[in-house]
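*Asks:* Given next are the chains, with one letter for each unit.
2 protein chains.
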Amino acid sequence: MFVISAPSGAGKTTVCHRVLESIPDLAYSISHTTRPPRYGEKDGVDYFFVSEDEFLRMRESGDFLEWALVHNNYYGTAKRQISDCLGSGKDILLDIDVQGARQVRDQLSEAILIFILPPSWEVLEERLRKRQSDDEEALKLRMSNARSEVRAVREYDYVIINDDLDEAVRNFKAIVQAERCRRSRVIPSLNWLSISV
Amino acid sequence: MFVISAPSGAGKTTVCHRVLESIPDLAYSISHTTRPPRYGEKDGVDYFFVSEDEFLRMRESGDFLEWALVHNNYYGTAKRQISDCLGSGKDILLDIDVQGARQVRDQLSEAILIFILPPSWEVLEERLRKRQSDDEEALKLRMSNARSEVRAVREYDYVIINDDLDEAVRNFKAIVQAERCRRSRVIPSLNWLSISV
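Sequence lines, in order, name chains E and L.
Heads up: the first sequence is residues 1 to 197, going by my numbering.
Heads up: the second sequence is residues 1 to 197, going by my numbering.
FYI, nobody ran anything at the bench for these hints, they're computed from the structure.
Note that the Cβ used here is the ideal one computed from N, Cα and C, for glycine as well.
Check before you lean on any hint, since a few could be wrong.
[Claimed, not checked] FRET-style restraints, in silico, Cβ to Cβ:
| id | chain 1 | residue 1 | chain 2 | residue 2 | range |
| --- | --- | --- | --- | --- | --- |
| 1 | E | E155 | L | G87 | 28 to 36 Å |
| 2 | E | Y39 | L | G87 | 52 to 60 Å |
| 3 | E | G40 | L | I30 | 54 to 62 Å |
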């Protein structure tokens, strides 16, 4: 299981799409959310869009591996999503925030945590300016949130600097490929070796 | 620091050459040995060829990071080799046996240990037959040594199966690239982040 987090504006979504396109047997975990769909987003593809009542009911039933409240909207990963993917022998990619990543790590110590950073605060601000129609106040809030989220990088295994997109994608792919060579993953598949890990 | 070991016949040397050709800033640590040069081997390139007296003198002086006695020949990695490479900001690749790898791991916990395996015992035996002019007795000894060396795989971080050479090289390169994205490697280089690891 690969968990990826990043402050808004680091380019996480683009990197993830590129990685998912090019790595076989890596499935994307679709989150549940109470936020309304944005233009072009499809239910069951980008997210499972649910009402707050439905989300809280699932949460009470213990259906979520992790959940978080971000900007007044709930986000969560259903345990069912994970078991379906892992059951089919695939690795799984979770695109979740730092609160969620912490919960995953606490429950699944073998999860690999990856953090994507912009090359500098200046570039992050520039990217946010380009992409958002925010006023100065909203931009300041986003930057301030980013500065606080980034402190969680200390809890992650890997850090990818998204300066050049191709390089960031190559690094992400290398991490997935390398983790698949971990002794604990390889040895159990070698029957002829007669060695336990 | 990357440490690589493998039983004879796993294809370690070829994999290492290919990796060293294609990864910048990865230097090969040249070992000292008391075994005589084979045809084509150059002093100071493949090994530093030294007398047993010289080797033992260096060992007494504490000049070696690790050393081992393999098939009646001494092999060792001079500390000087390591400090020269790391001082120039390069990563370093140590091609050493399982005894040496153990000593490195004990002294440098951040060393990354990689083990190369053949796809099966049958393939290993076939490769040894092709390449050695050994009689049956010598071949049996090599196979028996391989079976005993392979047990050390449990002490390694990564395992690469050398079935397809290109795939093995790709996996090795992915491991080096991924390890360069480790939080502990990346964060200290980011002055703008003002975060300690």
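*Asks:* If a hint holds in the structure, say so; if it does not, say that too.
*Replies:* Here's how the hints hold up against the structure:
1. E:E155 - L:G87: 28 to 36 Å: At roughly 32 Å between Cβ atoms, G87 of chain L and E155 of chain E fall inside 28 to 36 Å, so the hint holds.
2. E:Y39 - L:G87: 52 to 60 Å: 55 Å, holds
3. E:G40 - L:I30: 54 to 62 Å: Hint holds: Cβ distance 57 Å, inside 54 to 62 Å.
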